[in-house]
Amino acid sequence: MISFSRVTKRYPGGLEALRGVTLTIDAGEMVFVTGPSGAGKSTALKLMAAIERPTTGSVVVSGQNVGALRPRAVPFLRRKLGLIFQDQKLLFDRSAFDNVMLPLAVTGFERREAARRVRAALDKVGLLAKEKVHPVRLSGGEQQRLAIARAIVHRPAILLADEPTGNLDAAYAAGIGELFRSFNQVGVTVVIATHDASFAARMKPRMIVLKEGRVAAA
Amino acid sequence: MKTWLWHHVDALRTTLARLLRTPVATLLNVSVIGVALALPVGLYVAVVNLQGLTRSLGSDPQLSVFLALDAGSADAKRIAARLQQHPTVREARYVPRDEALKELKSSTGLADVVDSLPANPLPDAFVVTPRDTTPAALEKLRDEVRGWPKVTHVQLDAEWARRLEAGLRAALLAVSLLATVFAFALVAVTFNTIRLQILTRREEIEVSKLIGATDSFIRRPFLYYGALQGLAGGLAAWAIIAAGIYILNGALADLSRLYAAQIELRHLSPEDSGSLLAFSAALGWFGSWLSVNRHLAAIEPR
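Protein chains in written order, with this note's numbering: chain A, 1 to 218; chain Z, 1001 to 1302.
With the rest of the complex left out, here is chain Z (with noise of 0.2 Å):
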């Protein structure tokens, strides 16, 4: 057991050293991993952002029902039980105009514009969220409310933030498949840098063999080589990302100071940071390992 992990250790620390006696052709091929795995990645976490705007804008549906804006209040009160009583309907809540301006006031920057209205442009209004929330459900409900009495409109919210996120959801699937041709890209890579390392060690893997070093042995730090060199390049996509996001956070600030709205790309979570680690060192480690499995076995001391 403490031979074993001697073993492990001892191989981790000469494959640390070979790494690092090359700077340059190791530099360059994490560089090309790193930029491989970061375009996939980076529009992942692209498609993520956008999923978590969609979000917090409420894909729940829900329908916006504007009254008239000659309505009273008896017509409202007379809608608000109308809509209390409807079977498919869960929730409905009164917005009524003046707090409808009051909220248009403080939330978005528009105070002036609204200071300097001669009237309170907005209708009494209702959000009503509906039981059944499949679309044709929710079009009926909003066929059957447009027809009632001092009902001037009524709005599907939501639907098109539905709509994102199916998009959205086809976007998911194009990045799995850019990641699986990055994949091959990253184990390509490695079968090659691994292959030339096998060529330049050709006479240590032949006295090796001669003094008993059994396969697995000799494998070892070709295996560690290969997996270090992915997960050097996991890391470099990382950091790519995190400039970027960095970079665009910049420019998004001015952009949220304009609009009074908080947008921020968020990056990676703790897990997919995990994941993407650990699948490019697995996926270094399975390149390498196809590349000695095929030249090895051809260099057998004569």
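With the rest of the complex left out, here is chain A (with noise of 0.2 Å):
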């Protein structure tokens, strides 16, 4: 599903983020990408959501080499995707069904099935009693859900989530973990990031670890 071959990112300026990494995610699988800060796992995520482009090697995701995408094509690599950010990067003038909304309006979705369907992934994450309340009113918690929401809202074939549980304490990031782990039961291939080891530990996926641009352990 995602293979990295040889992959090298420098970003302007000299900085090395990945160096010559290899490495390949079936389909279907639930992998944590771990490592301390600045090891690479957020380029690492980037890179498969043609977020950043690599400086060598090859990034291919679901059978599309990345680094050789036309600029048109992104947008339609990006939809078979769910993308998670530690930022949430929710949009605050608009209520949490419109947000959740947001992937199925840039495809031109009918809107009574496209409202159904946010009411099933908000149902989910457990937000549809708060469908019509903006983010702003949201804890730091259910802010997450609702991105989490967001990010599934159009069944995408993979899920990249950078350090979902960033903010969250542990109990909270257990339930968001459970989360993940139910939709990669429905086969949903989750690549998660996180520097937050007892959350990895606990799930018990396979770990890629990056250590300083490589892979330590995979």
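It is worth saying that the hints were derived from the structure and are not from the lab. Don't take every hint at face value.
[Said to hold, decoys possible] Derived Cβ-Cβ restraints for the label pairs, each shown as a range:
id, chain 1, residue 1, chain 2, residue 2, range
1, A, Leu-15, Z, Ala-1017, 54 to 60 Å
2, A, Ala-27, Z, Thr-1003, 23 to 29 Å
3, A, Tyr-11, Z, Val-1032, 42 to 48 Å
Virtual Cβ for every residue (Gly too), placed ideally from N, Cα, C.
With the hints as a guide, bring both chains together as one complex.
Okay, here's the thing in structure tokens:
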């Protein structure tokens, strides 16, 4: 589903975030990418989502070479992905419902069916009762679950999460971990980047450990 | 196809909502555009009305041939025959002095004055329509007829109308130059509005890109915004001119009663109104297109 082959990412200014990384994640797998801050976890996820492009080497996601993707093709790759960010990137000028609606709106989904799916996604993360609430009035954990609902509403084949439990306490983190496992159980490939070792250990998934831009253990 | 249509309907609806969510800013922008457009369009309306006036006064050049007051009907017949046989005359209409007086009495408000005259001061006259209407031919005919016996005066009618019309053509050119300048202003206003819109919607644009929105999807509401704003500005200009004409016509009604003539300003024809609206919407669209192309590429998720 996702494969890196000798991928190096050098940022302008000379910082090398990844150095010759080779790894493969199969369809239906649940993988944690861990390692200390600055090890290249976020960069790896950004490469998978075509937010960044590899300096050398190739990144292939669901059969498409991300590095060689034309800009016009990028949106169509991203529609196959669900992205979750540490800072959530929610829109604060609209309700929870409208936030989750966004991925369906960009693909021109039929209105009634879209509303049904949005409610299903909100229900899945336990926020159905708060569909009319604006994100500002949600707690940190609720905001993160809202971001998860937005990432899964269009039923992507791959879920990429960057530090999804960044600012949450352990109990909350465990709940979110279970949520990811349930998506994985219905066939979604899940990739989670985290530096939260206890969170990762509890889940007992396959781990890819990065250190200074290299794969230390896979 | 259905999806495509849905996208457009949706973009239009969001855009309208955005315009209405900031009513004051929208109103100000629309007024600026309306006033900017009303100036050249108002001038255009004035010129078109003046043109209508000169046409109704007949810009087909004619010669008025006035006979001496002591000319009898025999003289008139002789001159009529001479005019009708003249190779460059297409038509010569005889206007007897009594008829001319009657016409004067009925068509202007001067009945009292005419009635108080001791005798008819008007001469017999001919209205001559020449075959060749070039200025040189007209002058040659005028000079020739002037020399005939019992002819006191030959007047080239409609010459002033032709001069006025030439002047109006120059005025129309000035109007189009002015319109060009204000079209630039409209594009600039839209460009700036859209630039601010993009800046305030930066986050939304970034998120949209992350969840797989195409560039055209992101661009669409901004283009609609520009076009709708331009259209509203065009409507505002139309309304400003309509109001101006309404007020002026009120004043002109008194004037036309005094002169016993029908003087009334007319608004833009339906075709011209349509062009005004289409033009302003297109310019708004163009302004936002420039702005979107310039500013959207700078927003990429990091």
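Enumerated hints in conflict with the structure, sorted upward: 1
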